[in-house]
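Participant: Each chain sits in its own coordinate frame; assemble them with the hints.
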Amino acid sequence: MDLKLDHHSEDRLTIVEVEGEIDVYTAPRLRELLIDLVNKGNFHLLVNMEKVDFLDSTGLGVLVGGLKRVRAHDGSLELVCTQERILKIFRITGLTKVFGIYASVDEAKEAHGRDK
Amino acid sequence: MATVELTFSALPAHVRTARLVATAIARRTGVEESVLDEVRLAVGEACSRAVEAHRLHCPGEPIRIELSDDLGRFEVTVTDSAPSDELEHDRGMLRIDDPLGQLPDTLMSGFGIAVIAGLADDVQVYPSPKGMRIRMSWPAAPNGLPRI
Numbered sequence: 001m002d003l004k005l006d007h008h009s010e011d012r013l014t015i016v017e018v019e020g021e022i023d024v025y026t027a028p029r030l031r032e033l034l035i036d037l038v039n040k041g042n043f044h045l046l047v048n049m050e051k052v053d054f055l056d057s058t059g060l061g062v063l064v065g066g067l068k069r070v071r072a073h074d075g076s077l078e079l080v081c082t083q084e085r086i087l088k089i090f091r092i093t094g095l096t097k098v099f100g101i102y103a104s105v106d107e108a109k110e111a112h113g114r115d116k
Numbered sequence: 001m002a003t004v005e006l007t008f009s010a011l012p013a014h015v016r017t018a019r020l021v022a023t024a025i026a027r028r029t030g031v032e033e034s035v036l037d038e039v040r041l042a043v044g045e046a047c048s049r050a051v052e053a054h055r056l057h058c059p060g061e062p063i064r065i066e067l068s069d070d071l072g073r074f075e076v077t078v079t080d081s082a083p084s085d086e087l088e089h090d091r092g093m094l095r096i097d098d099p100l101g102q103l104p105d106t107l108m109s110g111f112g113i114a115v116i117a118g119l120a121d122d123v124q125v126y127p128s129p130k131g132m133r134i135r136m137s138w139p140a141a142p143n144g145l146p147r148i
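In order, the protein sequence lines correspond to chains L and C. For the first sequence, full-length UniProt numbering gives the first residue as 1, with consecutive numbering after it. For the second sequence, full-length UniProt numbering gives the first residue as 1, with consecutive numbering after it.
Next comes chain C alone, as it looks inside the complex (with noise of 0.2 Å):
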């Protein structure tokens, strides 16, 4: 299967939508059936991690996921156009040992990075002042599945 697009505006609604479009594609592109759960719930923390990045810093940007298949692997890239500078300072002041610390309950982006990194077969995060982009994969069939 080719490479899907899809960008939309920093509104918590569209995460649901993205959700569900990852989770089609997955399952189209031979993701086993009890994986799904875990892209469904991966790529709903990337997309809440950049809504609300974008909500703070860039609200008119949107941002972007592609969705693809490689080798026999569904991969899934979220980019965003928020300066991850400030998240990853907040980031650093959770501990997950200690999550009823300082940490305001509507700031839960370390959590969500976390759950990714437990969620996601390979994940790689760059951050940047221009923006963070988020790459996770998980296997899939060589050629997808056929649907008749």
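With the rest of the complex left out, here is chain L (with noise of 0.2 Å):
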């Protein structure tokens, strides 16, 4: 499956929403999107992943690189994630440590909010 792309607003938070295999191949969509994003001024993403089929180390980078660019803005990069088989390879390169990693999109919303 191919990887489709689509993002709204909502107050000061920036929804990425992501379906499909982010790979070596795809991953170039989402990292020119996230840089755009950021250059037009969304420094707070909340990238939903919960429609994402497959990520690699490829796709983890984007997110990573996504994190430093909006942290040079005093901004923030969360994901929306419960399915097991994603979470792993965040749980094997320690990078649940460096995101919030939220069930839902209210619930990072909700936490957004709290932390305005």
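Honestly, the hints are just simulated from the structure, not real lab data. It is possible that part of the hints are untrue.
[What the hints assert, rightly or not] Here are some of the chain C residues that sit facing chain L, going by a computed Cβ distance under 7 Å:
(1) Pro12
(2) Val15
(3) Phe111
(4) Gly112
[Stated by the list, open to error] Selected chain C positions facing chain L (Cβ under 8 Å, derived; list incomplete):
(5) Ser9
(6) Ala13
(7) Arg16
(8) Val35
(9) Asp37
(10) Leu41
(11) Gly44
(12) Glu45
(13) Val51
(14) Ala114
(15) Gly118
Since we're looking at a predicted model, the values are computed, not measured. All residues carry an ideal CB built from backbone N, CA and C; glycine is no exception.
Facilitator: This is the structure in structure tokens:
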């Protein structure tokens, strides 16, 4: 399955909807979107990965790159993910300590609101 | 099942094909369904790393992947032709506890190897000036799964 990307803003939060496979072939498209969003002043990103079928280290690299970019603007990049097979790769690489990972968009929005 | 060999040019689009082939043969060889996701990810990581290395050093050379069952184990070997010294150096830069450090986000080969090590039941990495060979294996049914 190819990669589908969409995004919309709610208050200060930009929600990025990702569907399909994030690998060495498709990850550049996600990277371009994240760079574009940051360049346009969106510094608080929430990446919804609930419809992601596959994620490899190239995809992790893109997310880490996005996090570095938003942090340079005192922003945030957090994730929504409950799929065990996706969470496993975050655990193996130690990235569960780096990203805020939430069970739902609502839960992430609530946490984001508390941090305002 | 006899060994299946696949060679592909160093294009990112072919990595998905390699993943699909590996998963199909793993299933056929009798690897448990619960482990197939790990096979898919580990083979994808090894092939992605090889593709990136070839694109840097030898984009015209093919990457080879061998899949076989051997005494009840499903074994995958990914072989590339890119000198692995530089990649070894890059991997040395990665600190897994500091992924936001100096590593450019386009080069995650260190993560790739870490992921493979975390997923495969048994992994051997053989770097050399002529290329890198990554061999990994998982338990499979002794004679593969019968298919009717």
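Participant: Is the interface hint satisfied for C:Val15? The criterion is a beta-carbon contact with chain L at less than 7 Å.
Facilitator: 5 Å, holds
Participant: Does C:Ser9 meet its interface restraint, that is, does its C-beta lie within less than 8 Å of any C-beta in chain L?
Facilitator: Violated, about 13 Å.
Participant: Closer than 8 Å between Cβ atoms is the bar; does C:Ala13 clear it against chain L? Give me holds or violated.
Facilitator: This hint holds: C:Ala13 lies near chain L, its Cβ roughly 5 Å from the closest one there, short of 8 Å.
Participant: Quick check on C:Gly118 please, does its C-beta sit within 8 Å of some C-beta on chain L?
Facilitator: This interface hint holds because 4 Å falls under the 8 Å limit.
Participant: Does C:Leu41 pass the interface hint, meaning its C-beta sits closer than 8 Å to a C-beta of chain L?
Facilitator: 6 Å, holds
Participant: Restraint: C:Gly112 near chain L, CB-CB cut 7 Å. Satisfied or not?
Facilitator: 4 Å, holds
Participant: May I ask you to test the interface hint for C:Arg16 with respect to chain L, counting a Cβ-Cβ separation under 8 Å as satisfied?
Facilitator: At 6 Å from the nearest chain L Cβ, C:Arg16 passes the 8 Å test, so the hint holds.
Participant: Taking the closest Cβ pair, is C:Gly44 under 8 Å from chain L?
Facilitator: Given a least distance of 5 Å, the restraint on C:Gly44 holds.
Participant: Is the interface hint for C:Ala114 satisfied, with its Cβ closer than 8 Å to some Cβ of chain L?
Facilitator: For C:Ala114, the interface hint holds, since the closest Cβ of chain L sits about 6 Å away, which is under 8 Å.
Participant: Let me know if the C-beta of C:Pro12 comes in closer than 7 Å to any C-beta of chain L, holds or violated.
Facilitator: Hint on C:Pro12: holds, closest Cβ of chain L at ~4 Å, below 7 Å.
Participant: Mind checking the CB of C:Asp37 against every CB in chain L and telling me if the closest is under 8 Å?
Facilitator: Because about 5 Å separates C:Asp37 from the closest Cβ in chain L, which is inside the 8 Å limit, the hint holds.
Participant: Any CB of chain L closer than 7 Å to the CB of C:Phe111?
Facilitator: This interface hint holds because 4 Å falls under the 7 Å limit.
When each numbered hint is compared with the structure, violations occur for hints 5 and 8.
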